[in-house]
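Given chain Y's structure and the hints, the job is docking chains L, P and G onto it.
4 protein chains.
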Amino acid sequence: MKKIKTAIIGASGYTGLELLKILINHPVFEISYIGNSEGGMSLCELHPSLIGVFDMNVSKADAKDVAKTAELAFLALPHKTAMGFAKELLTLGVKVVDLSADYRLELDTYEKHYCKHEDKEHLKDAVYGLPEFFREDIKRADLVANPGCYPTASLLGLLPFCDIIDERYPIFIDAKSGVSGAGKKCTSKTHFVSIDENCFAYNPLKHRHEPEIKEKMKMVCGVEFDVNFVPHLLPLIRGEMCDCYMLLKDEIDPLKYLREFYKDEKFIRIIDRPVDLKSVAGTNFCDIFVKRVGKKLYINSAIDNILKGSSSGAVVNANIMCGLDEDLGIPKIAYVP
Amino acid sequence: MKKIKTAIIGASGYTGLELLKILINHPVFEISYIGNSEGGMSLCELHPSLIGVFDMNVSKADAKDVAKTAELAFLALPHKTAMGFAKELLTLGVKVVDLSADYRLELDTYEKHYCKHEDKEHLKDAVYGLPEFFREDIKRADLVANPGCYPTASLLGLLPFCDIIDERYPIFIDAKSGVSGAGKKCTSKTHFVSIDENCFAYNPLKHRHEPEIKEKMKMVCGVEFDVNFVPHLLPLIRGEMCDCYMLLKDEIDPLKYLREFYKDEKFIRIIDRPVDLKSVAGTNFCDIFVKRVGKKLYINSAIDNILKGSSSGAVVNANIMCGLDEDLGIPKIAYVP
Amino acid sequence: MKKIKTAIIGASGYTGLELLKILINHPVFEISYIGNSEGGMSLCELHPSLIGVFDMNVSKADAKDVAKTAELAFLALPHKTAMGFAKELLTLGVKVVDLSADYRLELDTYEKHYCKHEDKEHLKDAVYGLPEFFREDIKRADLVANPGCYPTASLLGLLPFCDIIDERYPIFIDAKSGVSGAGKKCTSKTHFVSIDENCFAYNPLKHRHEPEIKEKMKMVCGVEFDVNFVPHLLPLIRGEMCDCYMLLKDEIDPLKYLREFYKDEKFIRIIDRPVDLKSVAGTNFCDIFVKRVGKKLYINSAIDNILKGSSSGAVVNANIMCGLDEDLGIPKIAYVP
Amino acid sequence: MKKIKTAIIGASGYTGLELLKILINHPVFEISYIGNSEGGMSLCELHPSLIGVFDMNVSKADAKDVAKTAELAFLALPHKTAMGFAKELLTLGVKVVDLSADYRLELDTYEKHYCKHEDKEHLKDAVYGLPEFFREDIKRADLVANPGCYPTASLLGLLPFCDIIDERYPIFIDAKSGVSGAGKKCTSKTHFVSIDENCFAYNPLKHRHEPEIKEKMKMVCGVEFDVNFVPHLLPLIRGEMCDCYMLLKDEIDPLKYLREFYKDEKFIRIIDRPVDLKSVAGTNFCDIFVKRVGKKLYINSAIDNILKGSSSGAVVNANIMCGLDEDLGIPKIAYVP
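Chains as they are written, first to last, in the numbering used here: chain Y, 1 to 337; chain L, 1 to 337; chain P, 1 to 337; chain G, 1 to 337.
Please note: incorrect hints may appear among the correct ones.
Identical copies carry no separate label here, and so any pair may be met within one copy or between two of them.
[To be verified] The list that follows gives simulated cross-link-like pairs (lysine-lysine, PhoX-like), each with its CA atoms no further than 25 Å apart:
{"#": "1", "residue 1": "Lys296", "residue 2": "Lys249"}
{"#": "2", "residue 1": "Lys64", "residue 2": "Lys249"}
{"#": "3", "residue 1": "Lys112", "residue 2": "Lys295"}
{"#": "4", "residue 1": "Lys80", "residue 2": "Lys3"}
{"#": "5", "residue 1": "Lys68", "residue 2": "Lys332"}
{"#": "6", "residue 1": "Lys296", "residue 2": "Lys80"}
{"#": "7", "residue 1": "Lys249", "residue 2": "Lys295"}
{"#": "8", "residue 1": "Lys87", "residue 2": "Lys139"}
{"#": "9", "residue 1": "Lys256", "residue 2": "Lys120"}
{"#": "10", "residue 1": "Lys64", "residue 2": "Lys184"}
The set of hints was computed from the structure by calculation and includes no laboratory data.
Isolated chain Y (complex conformation) (with noise of 0.2 Å):
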């Protein structure tokens, strides 16, 4: 099959280590551009695990060098920073799968929780990148917001119920992520003697995925509902758990009800017991448990908060932009034991 030429900017972080791992064995995806902010170095002094699998110049990022080797981006760089780059490329020709937030939010929610935007033209065309529930936009694209990790995992349990849940009453979602959803900068929550043999809450009820979550429920719901987020950091690498509890208007089955929903969907396992972060890290799954008690549910997803959560849903995003096999190089076996 025909190489299609792809670019990674922001390879320094954990995302685009993920990214990278990915495409270096994708069938379709080759790798022509690597970038970050200060150039200048081999791949494998960024990432030395890398020594002898892969190699190549790291530049200083630069989006017109990027069009002429590539026709699709990947854009694993802090938000602001992405929409600069993104409104380029798109403007030089350029598919852009952006990992920030940066894209992700309707204009007032974006400006509300992180700052002033500064490519409204691109972001009212700009894709929600959960194929499960906009797989048909994603195929026409040509800039993909990619979810956020906690909406990802909390959407994938929440929506199917959204025409079911009582919106009376708040949804709580009790969140816990592995560290490296804290990303690769050391700071004194990052220090191993601070979270080894620990957990706590961080941002609770004010999280910027929080309007995220609510945003994009509405969207497909048509319901505004109350959602209250609370994450918490664990001490492990990765892998990330949302746990959501609600009322419904109705006594129906959820395990069974949720089978049917996701039936024809690769990337969605419904689990008949608890989830757990190891079956689902180092692979693109979502894995739900869900169980009833009178009206009251509770949800229970697990994904791998890189992955499913951030670069391997990129790669699947792109791979629908790109009319490949949504699955095309994307991972699946779990990093157990």
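Relative to the frame of chain Y, chains L, P and G by itself:
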């Protein structure tokens, strides 16, 4: 001060060891008897970390022998085994602090969730050992039932608010525990490879601590709340967090309210940011953070599951039963870093 | 390319799972038979992380059934059990890669450290499956004995130097392994609470991998070295490090020497700073760092104990036995981050 | 007993916190001054785990202020900064226990491995604070240099054998430390994602603790040994193990020899199986196991790096300097489980 002779029955497990570690340095309680199901070894054979610190014979546990040497006994035994010993010890005039579930619940609740009760007579007079709420009863008790670890952390967060919680709506408790809570027995769940870099819920919405929380809330508040409890296992040894989500009737300032409520308590710390497990590990503290948005309340409490949630809580109860200072010999300095 | 049917006997343990994970995506080997000691379940019941990836029946292992469906069998069985199957399979014309210790050692060494050997006939022709040193023999072998994990990491570091090591002085090997090396069986040593935040040596100077290292050094170098081996358990899942200390006859440049020695090897990476476990976890690489001060040499090697030290090493051997490219289908991308 | 006022200078780091945790409950030492480089906060702001336990102002460290309030000062400062304070404090008549490297070494050794020494006068009289070997000198000292953590564990294992070790051969020390040993500063090495599930050597054969071990062996034994030291970082917080490999002149019974050698020491435990880190974490014990095969000796010692290897060791020295019982207020009960 005159020494009080005490026995520890069930010295082999984690809570037995924690009792030993506290009592070895306690200024009034003196360990006069240590028993387990087998006997015939020295304490340092059972717990080699005590070599050079403290040693004595471990006996095959026998209530009559206990009664000859001790005024008060701690039972760190499985439920059902515990009530056999308690019954005999109480009849022989020995005060009992029972760390099992055997005397925590009303008869019906107990028999529904555990097994047939074999000591109904003493069950009637047993006092629930949560000193912050039952201090006066503990002072006069011969038999104190030490609360479960999850109920300890949950109730200390919930009970202050029970007049203000809207009982028409469910309370959801998302709890997280270190592996010591699963006991010393080696199972597929406690194998290092199973839980390291992992996290999973277990017994969601059907754990036996759920009815305990519910029953005690009713006892204290007079209201039957709809309590829904989902515990998780975390890849760490010590510590337990309970995150409680609910609706309030009124929009009070919960932090101020809680500070006032617990102002005289030595082992409750109201914290103005999310709690963390390490700040309580090794201590008898319960740390509580609380946040309200609209009528939604988030309570976030943390304890050391085998101390405040078990062994140090038990010694506090013994202190109260014997007229000693509540914090005599009780650990307050966390294992940080 | 024509598929080659292969069997995995002993699918329940960690090395069985790793074999499965490699063979599922292997371009030539096709899994035609999976057996364990019980049979009667599906593979996904045994390893739920494979749900949605691959499934087939697991049979009660039977050599005759294997011979009907497979040309080559991987034995991921305990020693002693393995030789029973190997003997029968070889007689039936099935090639065997044995991951146990049964065919690794000369008869005397084996019977001294393990048990009576029950397949002396095939033992004579078994080839020690370290391709970097026995590649030509493996090409012609029907039975390959996969090396132990510690010998793999130790020998790959030591053998290049065997002409230069001063044999009058002992070689000390201080080895460190993740808990997957201790197997899936739950014991007091593999309980999470026992090994988390802990580290300890086990079987110091009497581990059964010590004679294996010694014997193979003699086989390759013709010299009997005084090998002294102390393994440790580390609080992590995957990975193994061997630190070897010795005296040299000459003051060579060991890094340059090693680079030259291994220049054609695809799975040996000579690193110019100390190796780390994560850069090899998930791969078939052996990373080696080496430093000399005066005549003292320090060799520092790392592998994934259940891949290069077991299952991926076994598939490399199978590749060679079947005339395939040595690195066909072999994992090279580490689990970092 | 009359209280002795003490100061802690350098209260922000891990060893500062450990000093505080010991001194808060010490029966004779009373904390009269706490200083760090900034001052102007309360102790509980610096170490929130002490809320409800102990609080006082933290001052911007000033030697003259210390001299007004304290008879003895603990310096938990970086090397170089420490000698500035020590010099001034000693001149003002305050006894000093210095936890840095500034007074541990002879002038030449110090200046070769650290920097120019700025207090040569007091360096001459400083006593090396390893009480098992320098107790009588410590009794009379005004300035005690607390040993490095690795030298503590190594020397306590090696020194008893120094008459029997064959000095013609090298001693190899393979050491392993928890991450608290790398300090509170957040670096790429101490990021959780870097060291969790990982292990690596650092500064092999060139760590600054190597000359310290060598110098003290010569001081005690009169012989210059060829000490070769390779430290590793382990994915855990507390604890340090030193594995020493060497040749002996004679085939003695090392366990019996060691038991006799240390028979009067309160903080040395000779163990008849390999030591483990958790049995010493939280205590001032040094556990030692030893095994000989032929003339080869393996010494396996473990300490808590920030207690016996630093802060509790420092308080033991202060006890001795002040004529108190050596184990007064010193922690002996490990953090197990």
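Cross-check of the supplied hints:
{"no.": "1", "hint": "Lys296 - Lys249", "result": "both (9 Å within a copy, 20 Å between copies)"}
{"no.": "2", "hint": "Lys64 - Lys249", "result": "neither (54 Å within a copy, 58 Å between copies)"}
{"no.": "3", "hint": "Lys112 - Lys295", "result": "between (34 Å within a copy, 23 Å between copies)"}
{"no.": "4", "hint": "Lys80 - Lys3", "result": "neither (31 Å within a copy, 51 Å between copies)"}
{"no.": "5", "hint": "Lys68 - Lys332", "result": "neither (33 Å within a copy, 30 Å between copies)"}
{"no.": "6", "hint": "Lys296 - Lys80", "result": "neither (40 Å within a copy, 33 Å between copies)"}
{"no.": "7", "hint": "Lys249 - Lys295", "result": "both (7 Å within a copy, 21 Å between copies)"}
{"no.": "8", "hint": "Lys87 - Lys139", "result": "within (20 Å within a copy, 56 Å between copies)"}
{"no.": "9", "hint": "Lys256 - Lys120", "result": "neither (42 Å within a copy, 44 Å between copies)"}
{"no.": "10", "hint": "Lys64 - Lys184", "result": "neither (28 Å within a copy, 43 Å between copies)"}
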